[in-house]
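J.: Sequence:
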Amino acid sequence: MNKERTIRKLTQLKIEEPGIVAKVKLPAPEAARLDELGLHVGSSVRVLSGAVNESILIAVGDSRIGVNFDVAQKIYVY
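Heads up, the sequence shown is in our numbering, so the first residue is -14 and it goes up one at a time.
One or more hints might be untrue.
Unchecked claim - The list that follows gives simulated cross-link-like pairs (lysine-lysine, DSSO-like), each with its CA atoms no further than 27 Å apart:
| id | residue 1 | residue 2 |
| --- | --- | --- |
| 1 | 59 | 10 |
| 2 | -6 | 8 |
| 3 | 59 | -6 |
| 4 | 59 | -1 |
| 5 | 59 | 8 |
| 6 | -6 | 10 |
| 7 | -1 | 10 |
Unchecked claim - Across the chosen pairs, the derived CB separations fall in these ranges:
| id | residue 1 | residue 2 | range |
| --- | --- | --- | --- |
| 8 | 36 | 13 | 26 to 32 Å |
| 9 | 49 | 17 | 16 to 22 Å |
| 10 | -9 | 18 | 25 to 31 Å |
| 11 | -1 | 51 | 23 to 29 Å |
| 12 | -8 | 54 | 27 to 33 Å |
| 13 | 13 | 37 | 14 to 20 Å |
| 14 | -9 | 14 | 17 to 23 Å |
| 15 | -8 | 37 | 18 to 24 Å |
| 16 | 27 | -3 | 17 to 23 Å |
| 17 | -8 | 55 | 15 to 21 Å |
| 18 | 38 | 2 | 16 to 22 Å |
| 19 | -7 | 53 | 14 to 20 Å |
Honestly, the hints are just simulated from the structure, not real lab data.
Even for Gly, the Cβ is constructed at its ideal location relative to N, Cα and C.
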């Protein structure tokens, strides 16, 4: 069975829903900082808390990262 993956914004994941980072559309310095924290293409992520237009807390491996809503809008997952 061929399961098609849908790419969507990190902000579209529900609480506790897992995803894998497909694309990060941020300026290089911001993307580099997230990479240092373990968030990059191929990373497994899970939204722990957040709401529309608010910062969200995500799990990346054993780490927890707080990301503001505007930044989260530019991180794409499947």
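J.: Against this structure, judge whether each hint is valid.
T.: Tested hints:
Of the supplied pair hints, the one linking residue 59 and residue 10 holds, its CA atoms being roughly 5 Å apart against a limit of 27 Å. For the proposed pair residue -6 and residue 8, the alpha carbon gap of about 9 Å is at most 27 Å, so the pair holds. Restraint check for residue 59 and residue -6: the C-alpha separation of about 7 Å stays at or below 27 Å, so the hint holds. Between residue 59 and residue -1, the direct Cα distance comes to roughly 16 Å. Compliance with the 27 Å bound is thereby established for this hinted pair.
For a cut-off of 27 Å, the pair hint linking residue 59 to residue 8 stands: about 8 Å separates their Cα positions. For a cut-off of 27 Å, the pair hint linking residue -6 to residue 10 stands: about 11 Å separates their Cα positions. Straight-line distance between C-alpha atoms of residue -1 and residue 10 comes to about 21 Å, which keeps the hinted pair within the 27 Å bound. The hint said 26 to 32 Å for the Cβ distance between residue 36 and residue 13, and at roughly 29 Å that hint holds.
Distance hint check: the CB atoms of residue 49 and residue 17 are about 20 Å apart, consistent with the given range 16 to 22 Å. Between residue -9 and residue 18 the beta carbon distance is about 27 Å. The supplied range of 25 to 31 Å therefore holds. The given range of 23 to 29 Å is broken by residue -1 and residue 51, whose C-beta atoms sit roughly 18 Å from each other. A C-beta distance of roughly 19 Å is found between residue -8 and residue 54, which places it outside the suggested range of 27 to 33 Å.
Distance hint check for residue 13 and residue 37: the Cβ-Cβ separation is about 28 Å, which falls outside the suggested range of 14 to 20 Å. Checked against the hint of 17 to 23 Å, the pair residue -9 and residue 14 fails, with Cβ atoms roughly 29 Å apart. A hinted range of 18 to 24 Å for the beta carbons of residue -8 and residue 37 is consistent with their spacing of about 20 Å. At about 19 Å, the beta-carbon gap between residue 27 and residue -3 stays in the expected band of 17 to 23 Å.
Taking the beta carbon of each, residue -8 and residue 55 are about 19 Å apart, inside 15 to 21 Å as hinted. Checked against the hint of 16 to 22 Å, the pair residue 38 and residue 2 passes, with Cβ atoms roughly 19 Å apart. Taken as a hint, the range 14 to 20 Å holds for the pair residue -7 and residue 53, whose Cβ atoms sit roughly 18 Å apart.
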